[in-house]
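Asker: For the protein sequence lines, the chains are U and L, in the order given. Residues in the first sequence are numbered consecutively from 64, following our numbering. Residues in the second sequence are numbered consecutively from 56, following our numbering.
Calculated from the structure, these hints are not laboratory results. Do not take every clue at face value.
Said to hold, decoys possible - Residues on chain U that point at chain L, a partial pick, calculated with CB under 10 Å: (1) I93; (2) L96; (3) A107; (4) P118; (5) G154; (6) S313.
Here a beta-carbon is modelled for each residue, glycine too, at the ideal position from N, C-alpha and C.
Each chain, written out:
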Amino acid sequence: MSTYSQSSNFGKVFWPVLAWTVALIFFFPIFWLIFTSFKTDADAVKPDHLFIFQPTLENYINMTENYDYWRFAINSVITSTFATILALIVGVPAAYAMAFNPSRHTKDILVWMLSTKMLPAAAVLYPMTFLTKNFLDVYDTHFLVIMVLCLINLPIVIWMLFTYFKEIPREIIEAGKMDGVSTWGEIKDILIPLAWGGVASTALLCFIFCWNEAYWTVRLTTTEAATLSKLIEGNRAPEGLFFGRLSAVSAAAVGPIVVLGWFCQKQLVKGLTFGAVK
Amino acid sequence: MARQMKPGRFYKPMSKRTLPRLLQTPAVLLLLFWMLIPLGMTLYFSFIRYVLNSLRKPEWTTPSLSNWRGFGNYEYVLFNAKDFWLAVQNSLFIVSSVIVLTVVLGLAIAVLINRSFPGQGIVRVLLISPFFVMPAVNAVLWINMILDPVLGLNGLAVEGLNALVGGLKEFPVLGSFFSLWPEIEPISFRATQTSAYAVIIMVTWQWTPFAILIFMTSLQSEDQQQKEAAILDGAGPWSQFRNLTLPHLARPIAIVVMIQAIFHLSLYAEIEIVSRGNGNKNLPYLIGDFATNNIGAASATGIFAVILANIVAIFLLRMVGKSLMD
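Could you build all of it, start to finish, from the sequences and the hints given here?
Answerer: The structure is reproduced here in structure tokens:
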């Protein structure tokens, strides 16, 4: 990593200032969202109250009292958590087998798995609604949301785990085999501890994608299993009305995940690279 | 004799072949069901006449083979529904614009912050944040509070600028110069064409952090000795970037392109929120449009979308697949 000591005096000031400027520009919309959430709906659209206004918690109080924020939030936590766990339970053994006992078809299977992510959700929405409502009777249940979230993220989860596992030297696993460790023991005692960082960042990314998913969660739920994306959907008033309220709901919906992202930033960087960086 | 063979025979395949297969089975089966059942139903619906409401032909409201239409739905979507080509064009336009913008911006910013300077950690946190924002919130936030020509910052900024110019016109000498300036109209991002730009802006904002993250990590593993040697040989910063950094980033760039293509081809929330009712659409949105009544046409469009996704996938995997597997 180079430092600015190499560059001229001008560069020493200019580049950090530019970096800060870019960062602030990128963060500005989020800042603005939080900022607006403390304005009343009326203040939010008045130009002369753009920066100077009487801050209020009214929107947040309104949101928890009248819009049942906590129920949506709890649903989001439940569905994202279980979907992530399920994706790992299914994904870890599969990725393990592909990484350590690859067959001729492993590559094709991986590519095919990723290709299922390219199926446009809209194309299968109608059949899915039809099936879940009329045949399986699971519409608007946590079970359905968890299954769907798990399935749409499974390809990414397997890919990520696969790239992590591939970096583990095979000899270690072989040595375990020599010592007569069972397959489950291999996974539990050798693989997971070695690939712990990779598994954690995979889980994290999966959780974030689950939390932010808005296509299926909005369309396959009504009330019981509705997540925060449904709450946003319901508060999306037509143009310009209720900016204050909308901002509060939005800020409360993205807040937890943004903060989680900040804390796990380093871990996430590893996970996102799909083994691209060695 | 057969008995003596058995343990060995049994043991070998179990450990070498069967078990790995068994471990993959749940994942493969789940994804297979997830793909085949809805896809099969979509395929079936695309070949029959199937509408949700019809007073004239109530028999079309239940899916049945007796309403067989052959390729009629496909013909209808291709030749009679005017929006199909617009939607395909728009899908590709949005995906490719976002990819180009995020890669260029991501590279520039990653290089910019890949040095130690005061507050580097905070800069990183600020830059990454947009990636965690829910797509629906992203769209609502941008289209209403920032890009709205009247109530958003876009409108307010233009209004302020006009007021400023108006004030300057009052000045004795300078006024005659400023009086030539026209009143600026804020750009409305709700019109058919401009709404695609709005979508590109918001998706780029959200996914540039993803590109930055990946490029940044990769830059840190760059060979510094090689770089120092290049500096000694008198290579300028641009030449260093072109000849050393860019080749080093080939694989991360491939990954950014591929992952984004996967996610943005099925872009929906942003399009729905920005473009509702103004005629602009991409392929998933067009499917949603049809699905309000004409399930047959929606399914046929869905099959076209699958075909398009596969074309893009084959193209991308040719490009990227090899470097991913090595």
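Asker: Which earlier hints can't be squared with this structure?
Answerer: Per hint list: single violation, 4.
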